[in-house]
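**Q** In order, the protein sequences belong to chains A and B.
Using the UniProt record's numbering, the letters of the first sequence map in sequence onto residues 1 to 489.
Using the UniProt record's numbering, the letters of the second sequence map in sequence onto residues 1 to 415.
Accuracy of the hints is not assured; some may be wrong.
Capping the alpha-carbon separation at 27 Å, the derived lysine-lysine pairs in DSS-like fashion look like this [stated by the list, open to error]:
1. B/LYS216 - B/LYS206
2. A/LYS464 - B/LYS206
3. B/LYS131 - A/LYS464
4. B/LYS408 - B/LYS372
5. A/LYS352 - A/LYS342
6. B/LYS206 - A/LYS322
7. A/LYS167 - A/LYS57
Since the hints were made in silico from the structure, they are not lab data.
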Amino acid sequence: MSNSARAEAVLALHRFGMGPRPGSIAAVGSDPRGALIAELDRPLALTAASALPPSAKAYRTVADANARRAARAKQAQQQAKKQQMASAGSGDQAEARPEGQAQGYAQEKDAAEMAAKQAADAIPDPGRPIYLQEAKLRTEAALTADIGFAERLVWFWSNHFCISANKIQSMSGAYEREAVRANALGRFVDLLLAVEGHPAMLFYLDNLESMGANSTAGINRNRGLNENIAREIMELHTLGVRTGYTQDDVISFANVMTGWTLVPPGADPQHGGEFTFNPRLHEPGGQTLLGKRYEQEDVEQGRAVLRDLAAHPATATHVATKLARHFVTDAPPPTLVEQMTKSFRETDGDLKQIAIAMVSSDEAWRAPPAKLKRPSEWVVGMVRATGITQVDPVLYTGGQQLLGEPLWRPSAPKGYPDDEASWIDGVGRRLDVANNFAERISGMADPQAIVEDVFASEIAAEVKQAVGRAESRQQALALLFMSADFQRR
Amino acid sequence: MGVNHLPTRRELLVGSGALFAWSQMPRIARAEGRDPRLLVIVLRGALDGLGAVAPVGDPDWISLRGDRALLLDGKPPALPLDAFFALNPAMPNLHRLYRSGKAAIVHATATPYRERSHFDGQDVLESGLVKPGMTSSGWLNRALLALESGGRVDPRGSRALGIGSVTPLVVRGSAPVMTWVPQRLLPASEDTQSRLLDLYQHTDPKLATVLQARMKLASLSGAPGTGEAMSDDPTLAPPGIARVRAYFADAAGTAARYLAKPDGPRVGAMGFVGWDTHIAEGAASGQLYNLLGALDGAFVAIESNMGEAWKETVVAVVTEFGRTARINGTQGTDHGTGTVAFLIGGGLAGGRVIADWPGLKPAQLFEDRDLKPTTDLRAVLKGLLRDHLRVEETVLAETVFPGSADIKPMGGLVA
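Here chain A stands alone, though its shape is the one from the complex:
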């Protein structure tokens, strides 16, 4: 392999993949672009996912546990109150309280609440173990991928269409598997329909409580619309902010989306937590959106709008720009974005073809490796370099949290940012993580071997020197992982 081919192989693995691992330079071979494209033809399913519950079942499991927690809590609270009343009535203890009756009442209330909380906590939340199992499978898929280009695309779309595990922990992994992973290399419109119709998204963006003012439920309960999902779909998921839609469009779209909800878990033990369209919540009649009239009834109205949003030129530009910015550079060259936008429009949003258009463009390779990896990419890259293929999800998600990018827990529907300015101040914390990880693996990982075998020596001479002169394997590994060669792509 020539020097330039080796350099392009390393760039391919960092920029478009999950980072080099032992043997991956050879696997990418002399045709890195071809290898990237070839990986898109391999199935994206997680092999061990069959052991994990689908989102509706996960949701039911948690709902069931919550119901039992509430029952236990109520029971304990009543019992505590009874006991207090008995003891207050039997002795002079209550009168002896110098603070008086108000304080005594507050103490009783606290004690009852504490008893309730303790009783509830005795039933563990089943959402966390599900979350951790999902995290483990997803992370191991990234660690074992030959290149990881397809996995990076899953990560990209999962962040683009993010939900938050803070709100729906049990479903967060299943959401990604069912809606994102299954469509990440298909057509954008199918991905869009899958995510917006997924219970996790409807839950996350508050559509479950949204109802048309003139719907049956809206009239009966004198409640109405929640605009959240409509606004985020247009601003973040499709058209992009400031692309011409108005507040009236948002309201119309929110009306369109009323009735998109999930089967209440208590109502149906077989299908609770699954998507359903509830006509009692849906605003009747047609809606005008972006100058077009939608007269469809029921769920088809929303599907029609989503299909049109997916086909809108602004969506093509928005998505192409974001992809190019994520993979190539914070300020992507306009001609690269244009090529990708063109591919989006010519292929009706075929996501695989857009990815191929990106890696086939010379411009995607010309930018120097200046992009600062997100913490998630950097951590996986570090672990991959050592050849480790299994993780303890508790440690792993803890590390992610420390670095400010906890898995499936972005603070806003915009997802995690992608630019250097957002992450560079966290480099100090990366050093803590690198140092800790290096300590853990210093007994098995040879820093020189990583430089030679994993990086094919395609690393700055200064880094080689620093690694060679380090006082311990731990220090050598920490310096290597913290090097610009490892953090930038």
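With the hints as your guide, set chain B onto chain A.
**A** Structure of chain B alone, referenced to chain A:
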């Protein structure tokens, strides 16, 4: 996972929070009514033995180190050990132990390794093999196995102990080891940070700026109130060393508490980093001084936490190699050969510096650079293992330190 399946190292690393929480280590024989404890501390980065224990009686000492030479009338004055050697002033506790016969110093010592790579040097030091390479077991672990096979063990008994997220190689192997992971994770050392900063300054100015800001911030927050008072002179205690001192004392003190327990482990091993002093070594007032002070503090923690068990304790403090005899162009020392080993413990016959002194004239130095090693460190370690733990001499020569039959165990180290 079946009950008999021992996870591979790779699985263990990332598989569980209870790293290396393996099955029980058989107890060392108490046939003689003794219950010996042994703790091995590896100083990673190569300790400057001449900066730690100065040959103040050597006529060539001052000319070798110039105004960096530790002296009995220096500032601060070195602590006299005997007519020839003096201890770094950062180690008053070691000095006290030495004077009460509970510490010994071996000088001009080295493993068989004669090159200058830290990694390889540590492999030789900890594996007990003559040559470097990624090896899977350490001499201390093999010594434990030997005790077991020799029938001198109580299988109901205790475990060997490794301190740190990763058990040091010296105690790794097929004899089971449990690991205590300190709550206080060792922060990236000042040395690691400054090396990284140097790397960034040559390769990535933006990252350099960020790291520099972090180091500055750490120095601010590390100033008052975060550690014990260490020195009246603030220049002697650069920010960050408080954390290192705390970690050393915490880790060593915890090891001692475990070793002191009646049903606890009897053998432990741990590593301390930060000894690679290429730049501004500061034997009398800088990096080395601070680290030796932290090590001295660790000795205090061990002694006090051992309690009654102190009298049956031996601690061996070793490093992969020494440093150059002369000071280099950046007021530091480079990788050298001969160095010191510290032995402390209530079970020790100490109060002396053990050295076949090679001299410091250019012709007497190893390769005209380093203190010439005249005592094979394996002889010292074999002496401790034989007389303290009662490992048989043939086992020591064949399996613990393979191919070391011609290196006789040093006698008389243990009381």
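**Q** Indicate, hint by hint, whether the structure satisfies it.
**A** Okay, the hints, checked on the actual structure:
With a C-alpha separation of about 16 Å, the suggested pairing of B/LYS216 with B/LYS206 holds against the 27 Å cut-off. The hinted pair formed by A/LYS464 and B/LYS206 meets the criterion: a straight-line CA distance of about 20 Å does not exceed 27 Å. Restraint check for B/LYS131 and A/LYS464: satisfied, since their Cα atoms lie roughly 24 Å apart, inside the 27 Å limit. For the proposed pair B/LYS408 and B/LYS372, the alpha carbon gap of about 19 Å is at most 27 Å, so the pair holds.
For the suggested pair A/LYS352 and A/LYS342, the alpha carbons sit about 14 Å apart, so the restraint of at most 27 Å is met. For the suggested pair B/LYS206 and A/LYS322, the alpha carbons sit about 24 Å apart, so the restraint of at most 27 Å is met. Between A/LYS167 and A/LYS57 the CA atoms are separated by roughly 17 Å; this keeps the pair inside 27 Å, and the hint holds.
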